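Engineer: Chains as they are written, first to last, in the numbering used here: chain A, 1 to 217; chain B, 1 to 90.
To be clear, the hints were calculated from the coordinates, so they are not data collected in a lab. None of the values given here were measured: they were computed from a predicted structure. Take the hints with a grain of salt, since some may be wrong.
[Stated by the list, open to error] The following label-pair restraints were derived from C-beta to C-beta distances: (1) Arg62(A) to Pro28(B): 44 to 54 Å; (2) Arg170(A) to Asp8(B): 21 to 31 Å; (3) Asp8(B) to His120(A): 21 to 31 Å.
[Unchecked claim] A few chain B residues that don't get close to chain A, going by computed Cβ distances all over 12 Å: (4) Thr2; (5) Glu3; (6) Gln4; (7) Leu11; (8) Arg12; (9) Asn16; (10) Leu26; (11) Pro28; (12) Val30; (13) Ser40; (14) Asn51; (15) Asp70; (16) Val77; (17) Gly81; (18) Thr82.
Every residue, glycine too, gets a C-beta built ideally from N, C-alpha and C.
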Amino acid sequence: MRRAVAAAVSRSKREIPHYYLGAEIDLGRAIEWLHGTNAMRSVTERILPAALFLKAVARGLRAYPELNGFWSDGESHPADAVHLGVAISLRGGGLIAPAIHGADALALPELMAALTDLVHRARTGGLRGSEMTDATVTVTNLGDEGATTVLGVIYPPQVAIIGFGRTIERPWAVNGLLGVRPIVTVTLAADHRATDGHYGGRFLAEVDRLLQNPEAL
Amino acid sequence: MTEQEIRDTVLRALRNVAPEIDPATLSPGVPLREQVDIDSVDYLRVLVELNEKVGVDIPEADYARIATIDQLVAYLVGRTGTARAGPPAG
């Protein structure tokens with residue numbers, strides 16, 4: 001496992017000229033909406049913020065397809081579907097990033113079910129071969145115990161990795177008024193051969209917009 | 001279910017998501033997330049299993065009340081109406 005990770009990240013850092021962007025996103029509306037919908041759901045149907053993040057990324061990538069796909073033979077090859085690789089840390093060390101197929105087309109409850117299932121199977125050794133090989137982009141989510149910012153290493157031949165840090169309460173000004181809001185730092189590490197920072201920045205702004213309107217996700 | 005059976009069920013549910021957990025080393029009065037490496041997906045899986053085995057659906061609004069194993073067991077005891085072990089009060 002350690003050797004496989006070592007080989008992938010070494011190739012990535014050797015071959016891929018990464019650029020990095022970050023955006024702080026106010027999750028106030030998203031979390032309020034989740035609390036509301038989860039209050040009406042049984043524990044088996046409950047939705048975690050992680051699923052909302054995945055959905056926003058998958059939808060955002062539909063609008064910014066150059067970040068979803070591969071770099072090979074000296075050119076960019078955007079993929080037709082969003083197969084969202086989810087970085088999952090394994091007990092005992094190491095990580096894998098199996099894919100949720102067609103994540104942009106899944107309704108939020110379906111995406112949540114797919115995430116729960118994928119994490120469980122990843123940690124119990126029950127993944128299918130295709131899940132391990134055909135991700136078109138990767139999302140890494142450090143969750144609620146980790147660091148606030150993650151600058152990811154792109155998994156080749158993919159061209160982007162999107163990172164979510166720990167959500168923290170922060171003083172936040174809106175329309176000249178200071179309040180306390182739950183803030184997450186979303187980052188993009190992308191292959192500069194395939195896209196430029198301007199394009200990546202617009203993608204992060206789109207993710208922000210989508211998370212401000214969670215009921216539409 | 002007795003209080004002890006509920007406690008055993010909680011520990012089994014934890015071990016099902018994190019097999020490396022040794023119940024003997026867990027401090028039942030210290031927040032769980034400070035002692036074991038479980039993420040939000042694991043934690044939800046524990047709550048789903050407790051719902052199946054104990055029959056209690058814990059709402060998100062109550063998460064803050066169940067940070068430690070002792071708090072979680074006491075919460076489940078309260079919700080199931082299980083008689084607490086030990087001599088009756090008064």
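Engineer: Given the hint of 21 to 31 Å, check if Asp8(B) and His120(A) actually sit that far apart at their C-beta atoms.
Structural biologist: Given about 22 Å between the Cβ atoms, the range holds.
Engineer: Find the nearest Cβ of chain A to the Cβ of Gln4(B) and say whether that gap is larger than 12 Å.
Structural biologist: 23 Å, holds
Engineer: At 12 Å, judged by beta carbons, does Thr2(B) keep clear of chain A as stated?
Structural biologist: Given that every Cβ of chain A is farther than 12 Å from that of Thr2(B), nearest at about 23 Å, it holds.
Engineer: Would you assess whether Gly81(B), listed as outside the interface, keeps its beta-carbon beyond 12 Å of every beta-carbon in chain A?
Structural biologist: The assertion about Gly81(B) holds, with a minimum of 19 Å to chain A.
Engineer: Can you let me know if the beta-carbon spacing of Arg62(A) and Pro28(B) is within 44 to 54 Å?
Structural biologist: Given about 47 Å between the Cβ atoms, the range holds.
Engineer: Are all beta-carbon distances from Arg12(B) to chain A longer than 12 Å?
Structural biologist: It holds; Arg12(B) is separated from chain A by about 16 Å at its closest Cβ, greater than 12 Å.
Engineer: Can we trust that Asn16(B) is non-interface, i.e. its beta-carbon lies farther than 12 Å from all of chain A?
Structural biologist: 10 Å, violated
Engineer: According to the definition I'm using, a residue is off the interface if its beta carbon is farther than 12 Å from all beta carbons of the partner; does Glu3(B) meet that for chain A?
Structural biologist: 21 Å, holds
Engineer: Take a quick look at Leu26(B) and tell me if its Cβ sits farther than 12 Å from every Cβ on chain A, holds or violated.
Structural biologist: 16 Å, holds
Engineer: Verify this label for me: Pro28(B) is non-interface relative to chain A, using a Cβ-Cβ cutoff of 12 Å.
Structural biologist: Nearest chain A Cβ is 20 Å from Pro28(B), so the label holds.
Engineer: Verify that the Cβ of Asn51(B) lies farther than 12 Å from every Cβ atom of chain A, and report whether the claim holds or is violated.
Structural biologist: 5 Å, violated
Engineer: Report holds if the minimum CB distance from Val30(B) to chain A is greater than 12 Å, and violated otherwise.
Structural biologist: Label holds. Min Cβ-Cβ 15 Å, cutoff 12 Å.
Of the hints listed earlier, those the structure fails to meet are numbers 2, 9, 13, 14, in rising order.
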